[in-house]
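Chemist: Residue numbers (the working numbering), protein chains in the order written: chain A, 1 to 401; chain B, 402 to 855.
Hints listed in this document are in silico derivations from the structure and should not be mistaken for laboratory results.
We put the CB at the ideal spot given by N, CA and C, even for glycine.
Only true hints are included.
Now the in silico label distances, taken between C-beta atoms and shown as ranges:
{"hint": "1", "chain 1": "A", "residue 1": "A193", "chain 2": "B", "residue 2": "A717", "range": "30 to 40 Å"}
{"hint": "2", "chain 1": "A", "residue 1": "D180", "chain 2": "B", "residue 2": "D504", "range": "33 to 43 Å"}
{"hint": "3", "chain 1": "A", "residue 1": "E333", "chain 2": "B", "residue 2": "G662", "range": "55 to 65 Å"}
{"hint": "4", "chain 1": "B", "residue 1": "E582", "chain 2": "A", "residue 2": "A81", "range": "25 to 35 Å"}
{"hint": "5", "chain 1": "B", "residue 1": "E463", "chain 2": "A", "residue 2": "V383", "range": "50 to 60 Å"}
{"hint": "6", "chain 1": "A", "residue 1": "E333", "chain 2": "B", "residue 2": "E582", "range": "41 to 51 Å"}
{"hint": "7", "chain 1": "A", "residue 1": "A392", "chain 2": "B", "residue 2": "E463", "range": "52 to 62 Å"}
{"hint": "8", "chain 1": "A", "residue 1": "A268", "chain 2": "B", "residue 2": "G649", "range": "30 to 40 Å"}
{"hint": "9", "chain 1": "A", "residue 1": "D396", "chain 2": "B", "residue 2": "Q480", "range": "46 to 56 Å"}
{"hint": "10", "chain 1": "B", "residue 1": "A717", "chain 2": "A", "residue 2": "K165", "range": "35 to 45 Å"}
{"hint": "11", "chain 1": "B", "residue 1": "R581", "chain 2": "A", "residue 2": "P55", "range": "21 to 31 Å"}
{"hint": "12", "chain 1": "B", "residue 1": "P542", "chain 2": "A", "residue 2": "A133", "range": "31 to 41 Å"}
{"hint": "13", "chain 1": "B", "residue 1": "G763", "chain 2": "A", "residue 2": "A133", "range": "33 to 43 Å"}
{"hint": "14", "chain 1": "B", "residue 1": "Q425", "chain 2": "A", "residue 2": "R111", "range": "54 to 64 Å"}
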Amino acid sequence: MASRRSFLLGLGAIAFAGGGARLALAAAPVDQRFVVIILRGAMDGLSAIPPYADPDYRDLRGALAIAAPGQADGALDLDGAFGLHPRLATLKALYDQKQLIVAHAVATAYRERSHFDGQDLLENGTPVPHGTADGWLNRTLALLNGDDGLGLALGDQVPLMLRGKVAVTSWAPKKLPGADADFVSRVAQMYQASPILLAALESAMDADRMAAGALGPNPTPMTGGGYRRGAAKALAEAAGKFLADPDGPRIAVLEINGWDTHSGQGTANGRLAQALGELDAATAALRQSLGATWARTAVLTATEFGRTAAPNGTGGTDHGTASGAFLMGGAIEGGRVLTDWPGLDRSRLYQGRDLAPTMDLRALAKGVLADHLHLPPDALARVVFPNSGAVAPIADLIRAT
Amino acid sequence: MSTPQALIATQRFGLGAKPGDLAQRAADPQGWLLDQVGVTAPLPGIQPSAQRVVVLAEARRERQEMKQSGDKNADVFAQLKTQQRNIYLGDATARLEAAIASDTPFVERWVRFWSNHFTVSIARAAISGLVVPFENEAIRPNVFGRFADLALAVVRHPAMLLYLDNAQSIGPNSPVGRRREAGLNENLARELMELHTLGVDGGYAQDDVRALAKILTGWTIARPGRMAERLNATPGTFRFIALAHEPGDKTLLGKRYAENGEQEGIAAIRDLSGHPATAQHIARKIARHFLADDPPPVAVASLAEAFTSSGGDLAALARRLVSLPQSWSLPMTKARPPEEWLIAIRRAFPAGKDAPSRKMLGALQQLGQVPFAAPSPAGWPDESAGWLGPEALMARIDFANAAAQRIRVAQPRAMVDQILGPGIADESRQQIERAPSVPDAVALLLVSPEFMLR
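Bound conformation, chain B alone (with noise of 0.2 Å):
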């Protein structure tokens, strides 16, 4: 037999029930969530993000040379958009599939909050092969680690420098700004602050983004060739270039960091991450995405207390979240996002051979979430007003009613009893078990609030 708080586990905190899985859970859900906590590997057939920055850039110099001798007939950058796009498709599948057989779904979980926490989105097209090498690379093994090295992680990882536009931001008064005109770019700054660390009230000015722009400058990718060479760095990877950081002290939240190239930022990343503004962010954060929409102010308080008094440690929040009581409670209430969705209905039901697991992206298009799409650096709503308008609903609908057409399911109820257990609600079972075809029973479960909320 299995337990609600069997269907919690695997539901609020995981990817949905494989068969067999909430009997499983029943004896212990939450020692089973504990065990997860604290191991993270990263996804095996990756390619590492480095190369693949190498490709990118010999790219543009090549667009570059060839701008300069007028030759305007083969676009090598189109070309590599269509690359790096047809890389970014099987990472992500990769991704799906490694998420759909995962015993350890509330690490991917874990994983996925953070790594739409600190979004990089193929909505910067050039940078669609670098968003999966940038969980591996930059997320996954940080997550049970301290929240500042994640940070720091993220804001050098080549993917991130390049979708806030950071790798371009050269201080005007450096050496490189006065050589060439060239300048800052707060976006990285800005959004480090307002989305990443302290929230957009967290206290912070105008000039807390231009004096934390200032101190990131330099912070940059090596160029493969004679840059590369000449720093001694890994072409393609994380670099700090003290002719383009900005000359001075800088002055962030009235602390003044004295003139020191790259150290400058991360003490101030540190210092960000330490902040308690952030403590409440990130706490906020979490809760909403696992909990509801509206948390309990207790859950909200308990978590900001294991950030602070952990010193950011991870590991210790994410067993906070799953020790809290409001995290067993019922009913469920968050709707689960398109990629979850998809994820459990493929756990609940394993693919037969017709199911190329390519077509899950083009699944995930028709749903509204492609994975590393989100439409701005705030990622995916955590809210579920996000994921159930009216359109999203039918969509899903539809989609359910093709899907199952494919599932061979021998009984229904026992189907039932396996994938949510025997808390389901009395209009769902009985919608369920009267369906008229297999078919429509598996479609019915598939949307029925018990599957579609957690």
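Okay, chain A solo, but in the shape it has when bound (with noise of 0.2 Å):
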């Protein structure tokens, strides 16, 4: 990797025509950082953070009821009506800190029930499917003002929550023993025919010179190829290490798959907890390696869309609407349930099937670009959540400095 560096250096501006001021990074224009984990397959909210003291809640969930604090496998208490799931056991400790505001009854604009239509409004921040080929923290980093490379994603390829018009890197850990920086500039100049291949080569230098810097030469391995269990936490290794250098990313993404639970859900253990667990992990390994830097850090969950208030015919959950969000980090002034909780009588539920949503997920993230990153709310409104003038961010979710 240093072999690239020294190339991406020396020979930049040949292979690059014009590329050349994006090798050095400007003073970044904030020193805060907002990390997105984007939970894709919808999570289940009602189990991730079970409402225990909700007089319905134990019938209505049946066999996928989590158990009460103090009982066996019973939920972690955060405020004595809600609670956490026993895996979340890092996310309680943040909790007990005032690092994590767990939110409920949380959806987006959404209302089907499409992963895929779904994922892309999320991710695209209109409130229509395909609304936009970009995405929301694109369109913010736009608004940033910043340089390339002030946008990291975690994994092979970049999420649509990325994708846009300011260039972003992309890290995964290297598999292969790399090419040479010889190799690589001749890959270059073949490829000054090809406007897309030289697009994505500019972008993964950019990634290459910044993993050189930031993990040295032996990061942690990986397996890819689809996705497997537990790579989460070797991503948000890196991304807290990237993240944790003063000319490194402000923004980055990472996903977590596995909470399609439509069969074997479970309650304590089961796929859903497998997939909590992950999530648990890498929240861990971000703030380990981030070190001091959390202290100025957001992280945001987001799904697609929540799970049936009851269990289907095969011990899982099918697709529903509103979930719950966690927003934690040592910027976050943590420490409290937020929610208008709709209730879980049959007559409150969304459509008499799901937890009816009652918090706009941009409300959140909105709150958060406004008070930490300090955007323009006029500018949240039209350009980062466009047609959103309706959804306030909320307030005061941002320790004062």
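Starting from two chains that each stand alone, build the complex the way the hints lay out.
Modeler: And the structure:
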């Protein structure tokens, strides 16, 4: 990797005409860090954040109900009404340190039940699927007037949330010995005639340079090729190292799969518990590797929708509407549950089947972008989340400094 | 001499040229593709899924018994997953080898398109041993038949019934549903409409998902033992279990399906297959896969017309695809997905004895596309952006570098002519011919735009 970096510094201006400026990162416009963790597949909020004191919870959830705090495999109590799933011990500790806000009955603007459209809307930031071809975090980067390189995707691909006009980098641990600088410069020459490939190569070089600086020569190996359990922890650890670099990225996205629990969902164990365990481990790894930078960091989880309030016929849950969200980090004014709880009485369920949404995920995101990254409300309502004027940013999410 | 059309035939619609292919195809590239349409044979040496389903079912039962007797020692299920994984590795390697050797690569591409359209995935580890048999039994025999028959074969296959949970879905008011606490699972019903037939904007609503889920209750797998005996069924194969079927009439997309057991589902799948939204959805997806991320509307319209006017005849659809003028236009803009790229490398440079084929799966893991490991039921992406992330591109450059060390080539210039033909861009040809070593020349060829795109 070091040899690639020397290529970049030495030959960059030849290989990427006009791209020289981005090699030297100008002083970044913000010092805060913002991480979004996309939970693909629709997280079941009623098991992740059990409303154990709701009088209808146990009957409605049946075999999927998480036991009350104090019982075997019981929820980790938050405030006497809501708890965390027993696999979320790291999150519970953050809550106790007032660094976690647990938001409940949260949804995007999407009210259908397709994963793929739901994720598209979650990432594009408009109120409709395929409303734009770029993502709301890329538009955020544009508003920060940042150089290319302030946005980072962890994994082989850049998710839609980060795609757009501003070039971002992506990073996954190297699995093969790298090609040397001379070879890469020849490839770059060859790609002069192919804009698609040239753009991808240029981004890869940026990421490589960053990795050489932040991680040193031996990053944690990872398995790729389709989603593998456990990958998130290694990616979170790397994300923390990149973000801790004063000249590094400010905004990062990582993804955790495995939330589509149509069967075998389980309670303290099972498919959902595995996914939550992965989220918990990734959170711990991120915090650890961020070090002192954690104090300036906000992390938001985002899932496309929730799941049915009642179990389906096969020990799982089908696609629903509202779920929960976690907002955590040293910058968060935490230690509280944030919800306008709609209740679980059948008459209160959305379409008689799902937890009803009472908070818009964009309101949470806008609150963070306004008070943490200091974006103006007008730009948030028009550019980052178009047509969201009616969705006010939630105030006081960020700790006063 | 070869022509640009020969390169299109072998790359856009095939799996890459073997040495000599381009010259041979030059006379009639379209005819070569048309001649392939209509004939498919199952891959030899793949064990039938039924036997594997039986093993799976027995392990589940054993685990249940051990749980009940409080024995927590040996987890038979964990052993089973390892076993299934090993079976999968053997199957998937054999499938790769078959593609590398194939003389009908358009058929292999066409099969892969439909396998991906009807994705089953080893993300559900327990079905790892079923994914290649699924392609062999449900996809391959039907890719040049009627779409409705393909869809029916897919929905009845144990791999799909397990992957999208329908095997356990039970009508709440059926005798089985009333006897024990069990009920509907919407997963297959939803994806059947959203992904497999109508498309997400195809005009269905939540009530339709429920209705189709009810219609498909009872579509399950004959468990070995008493159940199979009683039903006189081959254990581990599809069975309709009337006792688990939700009774009563159902309304799907405004049409009433009178209570009629298994026939309801057959009728519903046939109706969905013939729906105009399905023709549009399939046409668009095929055009996007083979032609361009944003395919010409005229090509999509023509494919939809071929689908509709032939009653969903997939052979007619394949012929129409390779007859479209847009199918033969340059430039190539679609990224070859990693599996296609790796197969093309092995076709271009037949491996010596030092390239054990199992290593190919490891390579595909590094490159980001383990066969049948798509992260969701939507399958692998068809858009180029999904394969050209910066990290993904760098992995290919690194892989090409490593692979080229093991490839022996006497004459780089002749190699370029054989593999890519005379249409290659000056930039690519110059870099390859000026490379400081033969391995560098080979590696540059492998990552050249002409070899990466199709």
